[in-house]
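Given only the sequences and the hints, what does the whole structure look like? Please build it.
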Amino acid sequence: MGRMARRLAPQILTLAALVALVSVFFPNFINISFDGSRFVGPIIDVLKRSAPIALLAVGMTLVIATRGIDLSVGTVMAIAGAVAAWAITSGLGLPLTLALALAAGLAAGLWNGALVAIIGIQPIVATLILMTSGRGIAQLITEGRILTFSDPGFAFIGSGAVFGIPFPTVLWMATAVAFAVLMRRTALGLLIEATGVNRAASALAGVNATVILIAVYMASGLCAALAGIVTTADIRGADANNAGLWLELDAILAVVIGGNSLLGGRFSIAGSILGALIIQTINTGIVLSGFPSEYNLVIKAGLVIIILVLQSPNLSADWIYLRSVLLPRRAD
Amino acid sequence: MMKTLLTGAALLALTATASAQTVGFSQIGSESGWRAAETTLTRQQAEERGYTLQFSDAQQRQENQIAAIRSFIAQDVDAILLAPVVATGWDSVLQEAKEAEIPVVLLDRQVDSSDDLYLTAVGSDLVHEGRVAGEWLVGDVGDADCRIVELQGTTGSSPAIDRANGFREAIEGHANLEIVRSQTGDFTRSGGKQVMESFLQAEGGGAEICALYAHNDDMAIGAIQAIKEAGLRPGEDIRVVSIDAVPDIFQAMAAGEANATVELTPNMAGPAFDALEAFWADGTMPEKFIQTDSRLYTQADDPAGEYEARKDLGY
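Protein chains in written order, with numbering that gives the first Met the number 0: chain A, 0 to 331; chain B, 0 to 314.
What the hints contain is simulated information worked out from the structure, not anything from laboratory work.
Glycine residues also receive a C-beta, built at the ideal position from the N, C-alpha and C atoms.
There could be a bad hint or two in this list.
Facing chain B, a subset of chain A residues (Cβ under 7 angstroms, in silico) [what the hints assert, rightly or not]: (1) I234; (2) N241; (3) S292; (4) E293.
Restraint-style ranges between C-beta atoms, simulated for each label pair [to be verified]: (5) A:P291 <-> B:S70: 21 to 31 angstroms; (6) A:W245 <-> B:A206: 26 to 36 angstroms; (7) A:G163 <-> B:D292: 47 to 57 angstroms; (8) B:A174 <-> A:L314: 33 to 43 angstroms; (9) A:P312 <-> B:Q58: 38 to 48 angstroms; (10) B:G172 <-> A:Y294: 44 to 54 angstroms; (11) A:P312 <-> B:H173: 51 to 61 angstroms; (12) A:Y294 <-> B:G141: 33 to 43 angstroms; (13) B:E177 <-> A:Q121: 46 to 56 angstroms.
So this is what it looks like as structure tokens:
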């Protein structure tokens, strides 16, 4: 546990610093109240609104650990949302609706995984195919309009609360814990890391790298489908044009801010989740601070650059060197 | 008997020539419900007037539009409708149409080319839309103090800039109205909902907000959900006024959750065909810009009926 805390210290410190920074501009940021049925407050909003990025980041972490990348997750969100809205408006019932939406995500993942693992297309190209074409598929399902529904059970996934905590928050936390346990309590995590470090070597060592690769893309598709269901339930409608638009980039950023290397190998789901929370704190903080919207992207980019520079391995090496130079002098 | 038959045949021939107009329509694509409705209404208008409509979907690419216009010219159509995807780069193809003596009418968007290269442009005045929304709010609020939050469109887009300016023009000089928060919701439902949640947090749980102005209906619909989830009544506790008049906002108005919307009519083809008919008949040159109505709809304008009338237009 101590080792994990040390591994995640930069992310935790960054998040705390951001919360402090936002509080300077919006003093009530950390206030949480209970309105009789649920907790309310900006922090609760962050925990709720980070659901899509956090869910995507969980799947993306596994893909990146195999030295891959999944650019299609934003689009898969739109497809899963479109399937879900179509199913619920066709009167298929909530369980079947969810099953179909998740199946759509798994199918998208299977497609990506097969292109990468069996045909051998580079991940960035293989998933780019679905990223560009998938929104068209989603539009075909919704017939180009925003497909709205009023099913209260489905809407609960987006705006309901369990013990006062927003359901999307419960969902992303449960998903992250489930994946983390699955990775670390079994050998799966190790096999994924091995495949990422050296696919050929791990195949020779007896790891079925092809199956592992397909599985991680399917896991990413599944997480994207969950994110799509949450987004669709949230606005009670499937918006094929905009659901998950550019969110794949935020998800990759969350994984990177979480301290995971794009070169694959060792990974931390907890780190990526912290990365997702950092990004959402920035997003919500900018809106709360009341800056004109022209500044949104500049502020976000500025903060991200600062965070990445502070986390860069080169800088930490410099820091260690500086300390070794400075400390002996202090000992004199 | 023979004579009547002959006159009948002549009449038929006459109506046939009069109604056998062929119009080419180069549409941008189907990126939004509004554009799908524009396509549907253009087809309907052409059918009602007995024109043959050659439809070409450019899928957001200018080169497709230029190719479509060249093929319309080659088919020697009687007129071309163009909804240009971008403003620049039309000079040469419009010149070709002019040399072929085919009138071109621009729909909904403008081009940078010299205005003698096209017959006329039909469009709405975005600033005027914002002004209509603002004037409604000024009238509805009366003398009471009103703190307004604004959901802007995509930052830097011309609808966002113009609709913001028009609204400000309308409330200028009314010291009791004040825009307290303004942020982009990217024209989407999800964006509108998320930003509205933050507005509610920042303004005392929403108690200090008197009205919401959204640059489009979709953001307003998202914001209405956020207001409901915060335990307030949209339409009563917080007035909601937006622009576009898509079908779903009429549903919200029928339920008393939205107060007013300003129509951006997708029927750009109607005024365009009117202008073309006058031109074909005796060469009447229309004005270079035909502004469509920016009609205001409130809860008093039978929103349920308006919803029924619009829901099948492809929005």
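Outcome of the hint check:
no. : hint                                  : result
1   : I234                                  : holds (4 angstroms)
2   : N241                                  : holds (4 angstroms)
3   : S292                                  : holds (4 angstroms)
4   : E293                                  : holds (6 angstroms)
5   : A:P291 <-> B:S70: 21 to 31 angstroms  : violated (45 angstroms)
6   : A:W245 <-> B:A206: 26 to 36 angstroms : holds (34 angstroms)
7   : A:G163 <-> B:D292: 47 to 57 angstroms : holds (49 angstroms)
8   : B:A174 <-> A:L314: 33 to 43 angstroms : violated (53 angstroms)
9   : A:P312 <-> B:Q58: 38 to 48 angstroms  : holds (44 angstroms)
10  : B:G172 <-> A:Y294: 44 to 54 angstroms : violated (29 angstroms)
11  : A:P312 <-> B:H173: 51 to 61 angstroms : holds (58 angstroms)
12  : A:Y294 <-> B:G141: 33 to 43 angstroms : holds (35 angstroms)
13  : B:E177 <-> A:Q121: 46 to 56 angstroms : holds (54 angstroms)
Checked against the numbered hints above, the structure breaks hints 5, 8 and 10 and satisfies the rest.
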